[in-house]
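Generate the whole structure from the sequences, applying the supplied hints.
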Amino acid sequence: MNEFTKISKNNLIKENQILIQVLGICSTLAVTNNLRNTMIMAIGVTLVTGLSNLTVSFLKKYIPRKVRMMVETLIIAFYVIIVDIILRAYLPDVSKALGPYVGLIITNCIIMGRAEAFAQANTPLISLWDGLTAGAGYALVLVIVAFIRELLGFGTIFNIRIMPKSFTPWTIMVMAPSAFFIVALLMWVAKSMSLKAGGKK
Amino acid sequence: MNINPVVLFFASVFTSNILLTNFLGMCSYISISKDLNSSNGLGMAVTFVMTVTTVLNWFVYHYIIVPFGLDYLRYIIFIIVIAAVVQILEMVIDRISPSLYMTLGIFLPLITVNCAILGVTLFMQLRNYSLLQSLFYGLGSGLGWWLAIILLAAIRKKIDNAPAPAGLKGTGLTFITIGIMAMAFIGFSGMIRVQ
Chain S
1 MNEFTKISKN
11 NLIKENQILI
21 QVLGICSTLA
31 VTNNLRNTMI
41 MAIGVTLVTG
51 LSNLTVSFLK
61 KYIPRKVRMM
71 VETLIIAFYV
81 IIVDIILRAY
91 LPDVSKALGP
101 YVGLIITNCI
111 IMGRAEAFAQ
121 ANTPLISLWD
131 GLTAGAGYAL
141 VLVIVAFIRE
151 LLGFGTIFNI
161 RIMPKSFTPW
171 TIMVMAPSAF
181 FIVALLMWVA
191 KSMSLKAGGK
201 K
Chain F
1001 MNINPVVLFF
1011 ASVFTSNILL
1021 TNFLGMCSYI
1031 SISKDLNSSN
1041 GLGMAVTFVM
1051 TVTTVLNWFV
1061 YHYIIVPFGL
1071 DYLRYIIFII
1081 VIAAVVQILE
1091 MVIDRISPSL
1101 YMTLGIFLPL
1111 ITVNCAILGV
1121 TLFMQLRNYS
1131 LLQSLFYGLG
1141 SGLGWWLAII
1151 LLAAIRKKID
1161 NAPAPAGLKG
1171 TGLTFITIGI
1181 MAMAFIGFSG
1191 MIRVQ
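Heads up: the sequence lines are chains S and F, in that order.
To convert, note that position 16 of the first sequence is 16 in our numbering; the numbers rise steadily by one, no gaps.
To convert, note that position 4 of the second sequence is 1004 in our numbering; the numbers rise steadily by one, no gaps.
No wet-lab data here; the hints were simulated from the structure.
Be aware that a few hints might be false.
Here are the simulated lysine to any residue pairs, SDA-like style, with alpha carbons at most 20 Å apart [claimed, not checked]:
1) S:Lys66 x F:Leu1110
2) S:Lys191 x F:Ile1159
3) S:Lys191 x F:Ala1164
4) S:Lys96 x F:Asp1071
5) S:Lys191 x F:Ser1031
6) S:Lys96 x F:Asn1128
7) F:Lys1169 x S:Ser194
8) S:Lys191 x F:Gly1170
9) S:Lys66 x F:Ile1088
10) S:Lys96 x F:Met1044
11) S:Lys14 x F:Lys1169
12) S:Lys66 x F:Ile1080
13) S:Lys191 x F:Asp1160
14) S:Lys6 x S:Phe118
15) S:Lys66 x F:Phe1107
16) S:Lys66 x F:Leu1089
17) F:Lys1169 x S:Val189
18) F:Lys1169 x S:Ser192
19) S:Lys196 x F:Ala1164
20) S:Lys96 x F:Leu1073
21) S:Lys196 x F:Phe1107
22) S:Lys191 x F:Leu1168
23) S:Lys196 x F:Pro1163
24) S:Lys14 x S:Leu186
25) S:Lys14 x F:Leu1168
26) S:Lys66 x F:Gln1087
27) S:Lys14 x F:Gly1167
28) F:Lys1169 x S:Met193
29) S:Lys96 x F:Tyr1072
30) S:Lys66 x F:Asn1128
31) S:Lys191 x F:Asn1161
Label pairs and their in silico Cβ distance ranges [stated by the list, open to error]:
32) S:Phe58 x F:Pro1067: 32 to 38 Å
33) S:Lys165 x F:Pro1109: 51 to 57 Å
34) F:Leu1036 x S:Pro64: 20 to 26 Å
For glycine and all other residues, C-beta sits at the position ideal for the given N, C-alpha and C.
Laid out in C-alpha cells, this is it:
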C-alpha cells in the first residue's frame, strides 16, 4: 500500500482523532448546532492543520528542541489569524456566529498533536497530506454531529426547512448536552466496529 | 455589558460553565479525570492560572493592544502572555513550595494548551468586561472547571466497574456521563445568562 493511502486510511477511520484518540473536541463541538458554521469551521481547522504541519516540517531543522512547542504554537497562531481575517472579510455573519471559537483553533490539540507526532519526523509533502487527512477525519465526525443536531434541533439543513410543519423541534439538540450524547453514540459505533474487526483476525 | 460581578461569578460556575456549556478544556478534562487526586491538582492550577491570565490579559488588551492598534495580533499576544505566566508560575512554585511543585509539576505545562484559559480571555475581550467583571469571570470559570473535573473523576471511579456494552466502555460512557452532568448544570439556568 502506498504511504499516502495508508496515512489517509489511518487518519480518516482507524485512528480518527475524535472518536479513537479523543483529541481536539474542545473548540468545535460548541458550533455543531448549525451545519453551515460547522463546515466552515472544519475547513478552517483542516487547512490550519495541513499548513502548520507543512511549515513545521520545513523548519524542523532550524527549531531548537527546547522552544519547539512555543514556535509551533506561533506557527499555528499565524495560520489561525489568516483564517480569522479571511472569515471576517468574506463571511462576516459566520465569523460573528463562531465568535471566539476561531481563535481557539490555536489551542486545538489535534494540530499540536500532528505537528509533534508527525511533522517533526517527516518530509514536508507527506506532512501536509497527514495534516489535511487528520483534519478531514475530524471534519467528518463534526459534520455528522452537526447534521443530526441541526435536523432535530431546528428541523433544518443548511438553514433550509426539511422536516414537515408538524415536527416539533427538540430543544435539547440545540443545547450543549446533546453534543456529548451524539459523540458518545458515534464512539460506541466506532469502537464496536473496531472490536469486531479485531475479533475476526 | 452591565452584569454585577458577583452574579457573573455564580453564572460562570454554574449556568455558563466553561466546560459543560462552552466545551472548552475538554482534552485535559477527559485524559486527567481518571484519577481524583490529579484532577484536584489540575483544577487548582487551572483556577489559579485562569484568574491571573484573565486579569493580565485585560490590562494587555486595554493598555497595549487597543492603543497600538494591534488587534489582528491579539491571538498571538494573548497566547504568549499565557505561556509566560505558566512558565513564571512554574519557577515561582518550584522555589517557594517544592511539595506543591511536585503535585502540580506535570500539570502546569499542560495548562498552556488548555483551551479554556485562552477561551476565557477571548470571551472577556469579546463581551467587553470591566476589570472587576473579568476578575470574577476568570475566577468563576476556573472554579467551575475545577468542580466539573472532580465531579467527573469521582463518578468515573464507579463507572469503570459498571457492566456496559464493550464498545461503549471507556470514553463513550464518559461522554454520556458528561452529557448528563451538562444537563444538570443547565438546570441552574433561569438565574442568569451571560451570552
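Consistency of the hints with the structure:
Using a Cα cut-off of 20 Å, the hinted pair lysine 66 (chain S) and leucine 1110 (chain F) holds, with the two alpha carbons roughly 16 Å apart. Note on lysine 191 (chain S) and isoleucine 1159 (chain F): the hinted pairing holds, with a Cα-Cα distance of about 18 Å set against a maximum of 20 Å. At most 20 Å may separate the alpha-carbon atoms for a hinted pair to count; lysine 191 (chain S) and alanine 1164 (chain F) meet this at roughly 13 Å. Between the alpha carbons of lysine 96 (chain S) and aspartate 1071 (chain F) the distance comes to roughly 16 Å, so the proposed pair stays at or under 20 Å and holds.
Only pairs whose Cα atoms come within 20 Å are accepted, and lysine 191 (chain S) paired with serine 1031 (chain F) is accepted, the gap being roughly 18 Å. Note on lysine 96 (chain S) and asparagine 1128 (chain F): the hinted pairing holds, with a Cα-Cα distance of about 15 Å set against a maximum of 20 Å. Distance hint between lysine 1169 (chain F) and serine 194 (chain S) is fulfilled; the C-alpha atoms sit about 13 Å from each other, no more than 20 Å. Pair hint lysine 191 (chain S) plus glycine 1170 (chain F) holds up; C-alpha atoms about 10 Å apart against a cutoff of 20 Å.
Straight-line distance between C-alpha atoms of lysine 66 (chain S) and isoleucine 1088 (chain F) comes to about 16 Å, which keeps the hinted pair within the 20 Å bound. A hinted pair counts as satisfied when its Cα atoms are at most 20 Å apart, and lysine 96 (chain S) with methionine 1044 (chain F) does not qualify at roughly 33 Å. With a C-alpha separation of about 18 Å, the suggested pairing of lysine 14 (chain S) with lysine 1169 (chain F) holds against the 20 Å cut-off. A C-alpha spacing of about 16 Å is found between lysine 66 (chain S) and isoleucine 1080 (chain F), which places the hinted pair at or below 20 Å, so the restraint holds.
About 16 Å separates the Cα atoms of lysine 191 (chain S) and aspartate 1160 (chain F), which keeps this hinted pair within 20 Å; it holds. Taken as a hint, the lysine 6 (chain S) and phenylalanine 118 (chain S) pair is honoured in the structure, with Cα atoms around 14 Å apart against an allowance of 20 Å. Taken as a hint, the lysine 66 (chain S) and phenylalanine 1107 (chain F) pair is honoured in the structure, with Cα atoms around 18 Å apart against an allowance of 20 Å. For the hint linking lysine 66 (chain S) to leucine 1089 (chain F), the alpha-carbon distance of about 18 Å falls within 20 Å, and the restraint holds.
Pair hint lysine 1169 (chain F) plus valine 189 (chain S) holds up; C-alpha atoms about 12 Å apart against a cutoff of 20 Å. Restraint check: the Cα-Cα separation between lysine 1169 (chain F) and serine 192 (chain S) comes to about 10 Å, which is no more than 20 Å; the hinted pair holds. Only pairs whose Cα atoms come within 20 Å are accepted, and lysine 196 (chain S) paired with alanine 1164 (chain F) is accepted, the gap being roughly 16 Å. With a C-alpha separation of about 18 Å, the suggested pair lysine 96 (chain S) and leucine 1073 (chain F) falls inside the 20 Å cut-off, and the hint holds.
Among the hinted pairs, lysine 196 (chain S) with phenylalanine 1107 (chain F) is inconsistent with the structure: their alpha-carbon atoms are about 36 Å apart, more than 20 Å. Taken as a hint, the lysine 191 (chain S) and leucine 1168 (chain F) pair is honoured in the structure, with Cα atoms around 7 Å apart against an allowance of 20 Å. Restraint check: the Cα-Cα separation between lysine 196 (chain S) and proline 1163 (chain F) comes to about 19 Å, which is no more than 20 Å; the hinted pair holds. Restraint check for lysine 14 (chain S) and leucine 186 (chain S): the C-alpha separation of about 14 Å stays at or below 20 Å, so the hint holds.
For the hint pairing lysine 14 (chain S) with leucine 1168 (chain F), the CA-to-CA distance comes to about 17 Å; that is within 20 Å, so the pair holds. As the CA atoms of lysine 66 (chain S) and glutamine 1087 (chain F) are separated by approximately 13 Å, the hinted pair is consistent with the 20 Å bound. For a cut-off of 20 Å, the pair hint linking lysine 14 (chain S) to glycine 1167 (chain F) stands: about 15 Å separates their Cα positions. With a C-alpha separation of about 13 Å, the suggested pairing of lysine 1169 (chain F) with methionine 193 (chain S) holds against the 20 Å cut-off.
The hinted pair formed by lysine 96 (chain S) and tyrosine 1072 (chain F) meets the criterion: a straight-line CA distance of about 16 Å does not exceed 20 Å. Between lysine 66 (chain S) and asparagine 1128 (chain F) the CA atoms are separated by roughly 36 Å; this puts the pair beyond 20 Å, and the hint is violated. Of the pairs offered as hints, the one joining lysine 191 (chain S) and asparagine 1161 (chain F) holds, with about 18 Å between alpha carbons and a cut-off of 20 Å not exceeded. Range check, phenylalanine 58 (chain S) to proline 1067 (chain F): Cβ separation about 36 Å, and the 32 to 38 Å hint holds.
The given range of 51 to 57 Å is respected by lysine 165 (chain S) and proline 1109 (chain F), whose C-beta atoms sit roughly 54 Å from each other. At about 38 Å, the CB distance of leucine 1036 (chain F) to proline 64 (chain S) disagrees with the hint of 20 to 26 Å.
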